[in-house]
Amino acid sequence: MSETTEHRSNYFMVFGILVAALAISLALAAVSTGPIVVAAIFAIATVKAYLVLTHFIHLNVEPRFIKVLVIGLLAVLTVLYIGLVPDIVWVFGRMEGA
Amino acid sequence: MLDFLPENISSFGGEIDGVITYIWRIILAWLVATEAVLVYLLVRYRRREGRRAAWLPATTWRAKAWILVPAVFVTICDIGIEARSAPVWDEVKLELPEPDLLIRVTGRQFVWTFTYAGPDGELDTADDFEAITDLYVPRDRVVRFQLESADVLHSFWVPVLRLKQDAVPGRSIPGWFEATADGRYEIACAELCGASHTAMRGRLTVQPPEIFDAWSSTMAEQQSL
Amino acid sequence: MSHGEPESFVRKYIFSVDHKVIAKQYMITGLFMALLGGFLAYALRSQLAWPGDSIVGLGVIAPHAYNSVVTLHGTIMVFWVAMPILVAGFGNLLVPLMVGAEDMAFPRLNMLSYWVFFLSTIVIIASFFVPGGAAGGGWTAYPPLSGTVHASGVNWGMNLWILAVALEFVAFLIGGINIITTGINMRVPGMSMWDLPLFVWEELIASIVFLLAVGPLIAGAVMLLLDRSFGTGFYAPSAGGDPLLFQHLFWFFGHPEVYVLLLPALGIMGEVLCAFSRKTIFGYRTIVWSVISAGLLSFVVWAHHQFVSGLDPRLAFPFSVTTILISVPFAVHLFAFIATLYKASIRFTVAMAFTLAMIALFMIGGVTGVINGSAAADIFIHDTYFVVAHFHYTLVPIVFFATFSGIYFWYPKLFGRLMNEGLGWVHFAGTFFFFNLTFIPQFALGLMGHHRRIANPQIFEFLRDGQGLQVLSTIGVIGLLAAQVPFVYNFFASMVRGKPAGRNPWEATTLEWATASPPPHGNFDEPQTAYRGPYVYSPPGEGPDWIPQFEPPAEALEPDTAISETAS
Amino acid sequence: MTNSAIIEQPMETATELPNSRMAIWWFLASEVAIFGGLIVAYVLVRLHHPEWGEYASHTINAAGAINTMVLLTSSLAVVLAHQAVEEGKLEKASKLLLTTVAFGLVFLAIKAYEYTHELHAGFTPVTNLFWSFYYLMTGLHGLHVVGGMIAMIAVSRSVRRGEHSARVECVGMYWHLVDIVWIFLFPLLYLAS
Ligand code: HEA
Ligand code: HEA
Ligand code: CUA
Ligand SMILES: [Cu+2]
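Protein chains in written order, with this note's numbering: chain A, 1 to 98; chain B, 1001 to 1225; chain C, 2001 to 2568; chain D, 3001 to 3193.
The hints are simulated quantities; they were obtained by calculation from the structure and are not laboratory data. Warning: the hint list may mix true and false statements.
As the list claims (entries may be wrong) - Restricting the straight-line Cα-Cα distance to at most 25 Å, the calculated cross-link-like pairs of lysine to any residue (SDA-like) are:
id	chain 1	residue 1	chain 2	residue 2
1	C	Lys2343	C	Pro2548
2	D	Lys3095	A	Leu69
3	D	Lys3095	A	Val14
Stated by the list, open to error - A few chain C residues facing chain D, derived, Cβ under 8 Å:
id	residue
4	Phe2106
5	Pro2107
6	Leu2173
7	Ile2180
8	Thr2181
9	Arg2187
10	Gly2240
11	Gly2241
12	Val2471
13	Leu2472
Every residue, glycine too, gets a C-beta built ideally from N, C-alpha and C.
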């Protein structure tokens, strides 16, 4: 516990960044809906999630195996995604209208 | 054991049987060897008065080699198996040859319907004709099929052709075969599709091309009336 | 956590928070469901051998009823027998004892987990009796057949099936988190991760794999339920959905799931093997790493169940490669077990016999998996009885042989007594013989092209020659059921008549043998410490042929008995 | 540290982590697997249906944006509650938790407004697959919000009594995860149109 206290982040600063990031993505969305903007919006969302994860859920002070767990989990979901792209997005033998 | 395989009448069936035989031999060799070692150790090292077991925690690589070296051989066998089988998959499912005949195979609870492209060689035109349950094909000709389903999943299963492919609603899955022997054979549905899944049976009739052509023109005429 | 014995009957035996009581609850529920699953197996086998005849104990099975029988047989055996006995039952009994904890990390959550599971059991049994009959879409529940009422005619049976499976998942998620936390966090002083008994390792990895794999299927099952009940179209092509999506989500869970069952079984075998060969495990760290890599690999092989399902044919190659490569970690694992027997001093007990038979038989299941794993061969093999034989040669050794081994071995820790060895040998001989009689013929049937889930093979000409094999297989299952009679008797009778066991009847080394049989509430008389690795059998030099993990080092210099390298 | 007597000392464990935090991590992992599976499914099906951009333009961006803000702020409140516990200010922690619950209520109110609006406009869960996913994902997320609120009310009461103060961190971690899920749902369902 004491360790957590020592490593405590400046929550208000993190919060400020999060709000700023939200503002940026809203501004971007208002400007355009092109693929680059969408990609940027998701990049920002990822950064936000990362900030919440490290500073609010305190991943930054957890032992290594918790970090391994988080990375492993994301890897598993990525594998699921990649494995499904050919079948669900491209669809082999797709019929009209499906 | 492999004698149980049914007769093969397709051009690629021999390849598939070949893959099965090849893998079968490798795994049988490993199986027999491993089981033999197991049984030997059991008999050899059964409990005897005054004999103490050895201390072999295998903490060194030298000791671990006893299991890791065989594992390397397993890996080599694995690579061999995949190298033997991948090209066959490509031949059967990936590289479709130019067709002589085009058919749409439709599965629906609980019948197989076969739509022939007719003289113009194209589906969904006026000269298409249909056959229900009975599939007629010419011998030694490349038959291309488009596999579709009207309701749930089915699986087009022709043991003698070594052919199996699921029919998925919303998709039209291409495939092919070439039958090499005349005769009457069975078609089954290998994917659970409801109450009468068992009874979803079809027939495959392979004929000499001349007879097939005659049959096909009669059908085309009859159904276009 | 209170340390005193709970007083009332209800707190002690029904709503107990004691991990040992919960373990027994899981096991006995599981064994009861095994009787049900076994009865369904007998019913479907009788139908296959003598189609249309009235089946003793059930009557005539209509074709759609056959589908329900197969579906419920598979579902019950996997989710209500294998999971509760192997993962939850043995996990609950052994993980706290082996790490020297006084209970699970969260005893009340543990109780909750069992009761959620119990509820799911009631739901699945109830699903037999609703109008329209029980679910008949196979244990894989592929839509659209399972996604609409009109496709199968089954209405509430299928809804209850989904509900029951979902409840079951929740129960095992809670239980799994508990087991993981206990195994990692509650280790006694002196016990590093590399001093954990193999069973704890395998149980941990199994729980982690389950936890990571099941999420997408839970999402998928909710979507399936919505499709059924509200007419959404997640899996309906006409609405833009995709039936293959469910298959992927199912097998993304389904394949790791089979290893979730396998790993605890291998763990049980590891313990039994060392204790009765009086020899330390061969290559402890190598085994742990092989299990970890198998766990990782299990996430990238799932589509081998879908080679001919309409999968993009280009995907067959990568999935076929990973599938075949997964034979390597399991080869390492099994070879290490076999190497453990080298220069051993083997005591043949019933528990040991089941473990050895499990090694021998699982190998058959494993290598035939490699034939299925070749995409080209699978075009013919898929959905035939060859696959059925493959997975019964893996699952039955796991679910019955390893379980029996574990029950004969840890019976003292369950009930304080020993089971009768004579009856045990009868049980073993019968199970071994009739198991092979049941499933060897199915390999042959599969090669003939006999496809799965058909109620009457005789309507196919190409299967008529196989009728003799069908009958043989059915005689096998009748024998198999009969062979369980001595076990059931032995199991219950030994509770009162068995020889009192004492703390450590097998002269074994891990921490569960440090305490009384059965262990009291709170497990250990005094706090334990681990002084060495888990399998110090026959250490170099003279002296007794085992030094338990919990025994303080003697004055004299102890021989060097590290079983896992300190640096690796 | 001040008041450290009131702070619960977690049980000794073999790792640095107390049991509760360890278990919450694994619980969060299983939640991520469920939401992750759902999101993966949605993204794949959506990529297959480019026309869904049009449907997504009917979701109310402003409401989604405000709700993002609401959840972010509530996350701050929880993390401050945890900080207050560490400093021994239990009363403050309890109040901050209730503040979070209030934010949760605001979130649900806005969500309810959105739902009614959309249902009136004729977008029901069975209108098309986009809306099925929309209602499923936001609905599941909403249930998590409700669950978190109930847990937080319970914890805020026990903290005030000086019991189970370690649980503040646990509900906090859970609440942040609910926040993270929303951080992704917002662009997925609202912005990317
Ligand atoms: C616990 C159960 C369990 C286990 C452990 C396994 C293990 C394996 N399984 Fe099996 N499997 C199932 C349960 C299991 N399976 C079930 C239930 C189904 C059917 C589901 C359904 O459709 O209803 C199924 C179906 C199934 C299929 C799909 C078949 C089809 O439907 O067409 C495939 C295909 O690849 C497969 C492969 C494998 C492989 C490669 C392994 C490997 O892990 C095996 C590894 C082990 C060894 C290989 C043995 C040890 C090694 C040696 C002795 C060395 C020598 C070996 C070589 C040189 C190769 N399994
Ligand atoms: C753990 C999994 C498991 C187990 C153990 C079994 C065990 C058996 N199974 Fe099954 N089976 C499946 C999982 C399992 N099965 C699955 C997943 C399917 C696919 C379903 C589908 O297609 O959807 C399947 C399908 C399946 C089929 C294919 C049906 C078809 O496709 O048409 C057949 C056919 O022969 C079969 C037979 C048997 C037999 C004879 C046994 C025998 O081994 C059974 C023996 C059982 C006993 C002998 C009971 C023992 C009882 C006790 C030990 C209790 C003791 C009690 C107390 C002490 C209180 N099974
Ligand atoms: Cu169609 Cu089975
Ligand atoms: Cu598999």
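Against the structure, the hints:
no. : hint                    : result
1   : Lys2343(C) x Pro2548(C) : holds (21 Å)
2   : Lys3095(D) x Leu69(A)   : violated (33 Å)
3   : Lys3095(D) x Val14(A)   : holds (22 Å)
4   : Phe2106                 : holds (7 Å)
5   : Pro2107                 : violated (11 Å)
6   : Leu2173                 : holds (5 Å)
7   : Ile2180                 : holds (6 Å)
8   : Thr2181                 : holds (5 Å)
9   : Arg2187                 : holds (4 Å)
10  : Gly2240                 : holds (5 Å)
11  : Gly2241                 : holds (6 Å)
12  : Val2471                 : violated (44 Å)
13  : Leu2472                 : violated (43 Å)
Checked against the numbered hints given earlier, this structure breaks hints 2, 5, 12 and 13; the rest are met.
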